[in-house]
Amino acid sequence: MSRGRLSAWLSGVEARVLLVATVPVLTLSLTLGLHLFSERLESQRLALIERGRIIGLNLSLATEFGLFSGDVERLGQVLAHTAVANPDITEILVYGPRREILVRHPAGPLEAAPTCRVGSRGSETLGFEMPVARSGPRVLDFDEAMPGGAVAEQPPLGWVRVCLSSAASLARARETLGRSLVLTLVALAGSILLALLIGRAITRPVLRLLGAVNRLRRGDMSVRVARPAAGELGELEQGFNAMAAAIDESQAELKRRVAEATEALRRSIAKLQRRNRELSAAQREALAAGQAKQEFLARMSHEIRTPLNAIIGHSRLLEGETSDSRNHEHIRTINLASNQLLAVIDSILQLTRLESGTLELEKVPFDLPGCVEDLVAMVGPQAQEKGIELVCHIHAGVPARLRGDQARFSQVVLNLLNNAVKFTEEGQVLVEVSFDPTGLADGSVTVSVTDSGPGVPEHARDRLFLPFTQADRSVSRRHGGSGLGLAIARRLIDLMGGSMGYESAMGSGSRFWFEIPADGSDPGQAAPPVVAVRGSLALVYEPSQLTRESLRASLARLGFEVLSTARLESLFARLSRPGEGGGEVSLVVLSLGRQEQGAEAASEIHRRLRRLFTGPALFLAALDRAPPPIAGDASTDWLSKPARRSALRESVARLLRRQPAETEMLPLLPRQLGDGGDVETARVLYVEDNPFNRRLFGLLMERHGIATDLAVSGAQALEMIASTAYRVVFMDFHMPEMDGAETAWQMRRRLGDACPPIVVVTADVFLEDKVGRGSAFDDQLLKPISDSGLERVLKRWLWSARQGRSDDGHGLEPGSGVDRRPPRQAEEGGSRIPDDLRAELGEEVGRLHRSIDEAVARKDQEAAADLAHQLQGLAGVYGLGSLGADAARVAEIVRSGRDEAELPTLLARMRESLGALRAEPDVRAGRGGSSG
Amino acid sequence: MRIGKAVELRLGTLLLLALAGVAWAGSPADVAAQRRVLIYFDAGSRVHRDFMDGFRAGSADARLGADLAVREVALDGPAAASEAPAGEGGVDLVVAVGSRITQRLLDDAPAPPLLSAMVPRSSYRELVGRDEPRRARKSTAVFLDQPIGRQFALAGAVKPGLSAVGVLLSHANRHQWSLLEGVARRRGLTLNVEVVGEGTQIAAAIERLLAESEALIAIPDPVVVDPANAKWLLYMAYQRRVAVVGFSESFAKAGAVASVFSKPAQIGGQTAERLRLWADRGWEAIAGPVAPRPFEVATNESAARALGLELPSRDQLRAAIAAAGEASP
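Protein sequence lines correspond, in order, to chains B and U. Read in order, the letters of the first sequence correspond to residues 33 to 964 in the numbering used here. Read in order, the letters of the second sequence correspond to residues 42 to 370 in the numbering used here.
These are calculated hints, taken from the structure and not from any lab test. Glycine included, C-beta positions come from ideal geometry on N, C-alpha and C. Any given hint could turn out to be false.
Claimed, not checked - Quick list of simulated restraints, FRET-style, between CB atoms: (1) B:H113 to U:H216: 37 to 47 Å; (2) B:R130 to U:T231: 51 to 61 Å; (3) B:E74 to U:E351: 56 to 66 Å; (4) U:G238 to B:Q109: 28 to 38 Å; (5) U:R87 to B:H113: 56 to 66 Å; (6) U:E351 to B:A112: 54 to 64 Å; (7) U:T231 to B:G102: 34 to 44 Å; (8) U:G323 to B:G102: 50 to 60 Å; (9) B:A112 to U:T231: 57 to 67 Å; (10) U:G170 to B:R130: 25 to 35 Å; (11) U:A98 to B:H113: 26 to 36 Å; (12) B:H113 to U:A363: 24 to 34 Å; (13) B:R130 to U:G323: 47 to 57 Å; (14) B:L78 to U:R175: 41 to 51 Å.
Said to hold, decoys possible - Here are the simulated SDA-like pairs of lysine to any residue, each with C-alpha atoms no more than 25 Å apart in a straight line: (15) B:K827 to B:E886; (16) U:K304 to B:R170; (17) U:K272 to B:L783; (18) U:K294 to B:A165; (19) U:K272 to B:R170.
To be verified - Stretches of chain U that chain B covers, calculated by requiring three or more beta carbons in the stretch to come under 8 Å of a beta carbon on chain B: (20) 159-168; (21) 259-271; (22) 345-355.
Extracted from the complex, chain B is given alone in its bound form (with noise of 0.2 Å):
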């Protein structure tokens, strides 16, 4: 057996069992034996010591009478005849009382020395030695008796010595200890069976069950010990059984329920796998309907912006040439029509955006009260039209500047502005501007618009900020509107983190609000210059209360004491009375009703109070310009209402600053006037690959008064920019070598923060998301360049941008106290194509429908795409519509690699759209323009 398996055959339960049942039996066996035979030798030697004192005293009561009588046969005889009774004896010797030895046995010389010796128990031999004493009977009746006295202790007659061999004791003691070994061997061999026999009947039934267990974990579940044991080891074995049942019977509950298990997510697997494909077919479905509905939606504006713009464009050419007065009405409701279609077209396009959720946020600061006044001023015209009376108040505390999206946040004011005015037919709409340091996360902003009109029906309150939805269809009818203002505000200011709501009470008029976070904002509304000395008096005359509080705040955060009134006699009334109240009045605040707007009765005023008062006066009123005797007055000023404030406060800084200086003049805002020619002086970079387009916008901008450099790429670009500061550069986006967004991301590594605002000029309307903070292009000029796109960027960019460097943040607006508003032409659209580059535009056509031919021959994909897009741009500037959807159909097969069949009718189509433009040069090429 090898060490190893010794040692497992050791440790098993067998050995255990072994080694139990047989060391305790072996030690005991050897205890018991070596004491029995022990105590054996010890009996034996100790019977022998026994028997020779026995066989000594018998030897001495035997040989008594020998002694007595001398009788030396006799004693022979006697120890003859003990020697032959007792084997073991080696010699007898009989001494006398002198102890002479008188007899010996076996017969010997009487003079040779026993051959034992008494007491030498360590010797073979043992010698015994008795006193043969002189016994008898009492004879004297009393010891007084004793004749002679005492009587001497007599000797005794003799001794007897015997030899006695322990050579057979000590045989049978070898005898004993032989017989001892043997027996406790096969006690031995016995209690090794035994405990074998015991160990196999513990070990056989626990290696059973052992191997079923292994046989068990091994996954055997049908493993069973075939014969139970007897008692607990049996019991062990059943209870293995049952459990191995039990695991058995569980094992294939489980595997059922597994199966069925498996079978039910197989069928669901099956099920969900079938649903996946249907969704996601479904979803192919829905992305191909949505990128159809983009794409849809992109050629819907373009083919709808396209034919509109020439519409309007049409009509204002129109509209100007005619003089007959019925003519001129049926055109301007075209226009009308129109600028409505155009701004559904707008909107709906704005609300896809925003529930597609592609629509993203400025995050840049910008002059918040300023820009509500400026949407006030828009709207201001239009509630005169209708005599209400239009009131901004702008809350102490409001910020300066809030950091967001200008131009959405103008949307919705302008829309629940132009909501307010369109539903009011008398009364006054008030628009506040308030700042909660508490609301939202770092403070809010609240606007709110309350008019006076009818309010909102009741049955239109749930379903109001609903897209199409409009509080009452006669009102649709009567006011026009597509429904989708109130809808994408609420979107707008959803996604601005802030809230919108409003109360309303039939008869009474409504308040549409809402609130947005002032994050970002500044910590609060810059202290407006001081411009008169502290305390001077000015005397307000407004008939409507909101807008004499208003003007009362306004001209109080000036500097000034003021007095105001309802009444004009009131006011005439004081100046008759200088000094009177108050003291000298500094200032005169004429803001007229509408019965005192006209001309005459504006000069009568103005005659009564110059009588009594020739110090500076400023008239409010609807007029744009102030009529010939007050225009003539250095003393007095005009402004329309409502007045901004910034307006408001230059106005009476200049009135203040013609005065004798008899008042402190406090110094006045730097460049505020002096900027004036900052419009003219403003340079601006347009780069462009295609020269008509060059050419184009080089007009237009001429027309606005505009300084324009031009580039024809983006490396030149580049290094214009190095050498000249533009106030704004205009990006085409398609451009060879470098496109647009490559050529505004270098220039703005190369200037950084004194990058000027980039404007990209393309026909790709979904480009708008693109633009913005984060991205290459901070706006978007959509082609074909429409006056009010142009003028909206030029108003964000360029004369904004001009009041944003201004300390004071209020810079100098188109449109307010001097008017600085492009020419008329600007606003009849920029797709008319002027008549000295009708004849290059229609080379520059035929050139580049040449080349896209033998492009497209040549089976050149990426310069028949890249050329069919400069004849899309160039179409899209000059409003060649249908040419332009021939070119970027083109190009989209060109890219595609599909449908190339189509190639040679549109490239046939483009070639009779070239020779209609250049057979009509008065009219606007394609048939988009045409088809209305």
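Since the structure of chain B is already known, use the hints to place chain U on it.
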């Protein structure tokens, strides 16, 4: 302790003697006529106490108190003899009970006449004849030994037709041979005597005696009283079918067919009688030692049956002894 106790006893005895002397010195004239007798005995010995019982009874019978002032001196234990007080003046007779007290009082001075009671004959002769002073002193005895003729008479009574008897003597008692021969002759018996001396093979001597005798008379001799000798004598006699007549009750128990002996009380009574005699007739009346007069007979029926003898009763045997004239010493 033992020495202290002996000294105490001695002082006590001297005090008693002194008191006795004072009493006697101061007694009236009639009292002065009384003779004074001291009797010494071993109070620790049962034999001595039996003797004294017999003595007192005999004293009363003999009315010793009328003219004798007998005072008992009780000694204690085996050492009494050697430690007995010295003699004192004014004592007319000293009675010593036993050999040991006799030996002690023999050497005392003054030496009043001494009556030794219950002593073996051989011991008395050896004690009294040891030196001249002792021989010169007045002494007499009442022996323990029976008169030798009494055993011969018993032997004849036990074994009728007895003709030859044997006696074993030690060398020291060979002088009794002639006495024995006289008794045997008077009884008409043949006497066989074996004297055992130094180097004598006793067994052979016994064998010889038994070979020639019909009965063996064991006398109180040191050779006979030796237990081993007595055992083998009885054994060999039995083998030879020879009857043995002993001198003590113990001998009869040991295997002798019959024994004749006197009890200590009998000897005490006889001693009182001797004092009566001395008081009445003076020293000379008791000057010769005497054997005990009263006696008893003991028999061993088993031994007798073994030997094929039919023993008469003990009274018959005593009567036979008396009839044989051996009742008086």
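Okay, the hints, checked on the actual structure:
no., hint, verdict
1, B:H113 to U:H216: 37 to 47 Å, "holds (45 Å)"
2, B:R130 to U:T231: 51 to 61 Å, "violated (37 Å)"
3, B:E74 to U:E351: 56 to 66 Å, "holds (59 Å)"
4, U:G238 to B:Q109: 28 to 38 Å, "holds (30 Å)"
5, U:R87 to B:H113: 56 to 66 Å, "violated (46 Å)"
6, U:E351 to B:A112: 54 to 64 Å, "violated (43 Å)"
7, U:T231 to B:G102: 34 to 44 Å, "violated (28 Å)"
8, U:G323 to B:G102: 50 to 60 Å, "holds (56 Å)"
9, B:A112 to U:T231: 57 to 67 Å, "violated (41 Å)"
10, U:G170 to B:R130: 25 to 35 Å, "holds (33 Å)"
11, U:A98 to B:H113: 26 to 36 Å, "violated (59 Å)"
12, B:H113 to U:A363: 24 to 34 Å, "violated (52 Å)"
13, B:R130 to U:G323: 47 to 57 Å, "holds (56 Å)"
14, B:L78 to U:R175: 41 to 51 Å, "violated (60 Å)"
15, B:K827 to B:E886, "violated (43 Å)"
16, U:K304 to B:R170, "holds (17 Å)"
17, U:K272 to B:L783, "violated (165 Å)"
18, U:K294 to B:A165, "holds (22 Å)"
19, U:K272 to B:R170, "holds (9 Å)"
20, 159-168, "holds (count 7)"
21, 259-271, "holds (count 11)"
22, 345-355, "violated (count 0)"
Hints 2, 5, 6, 7, 9, 11, 12, 14, 15, 17 and 22 from the earlier list are contradicted by this structure; the remaining hints agree with it.
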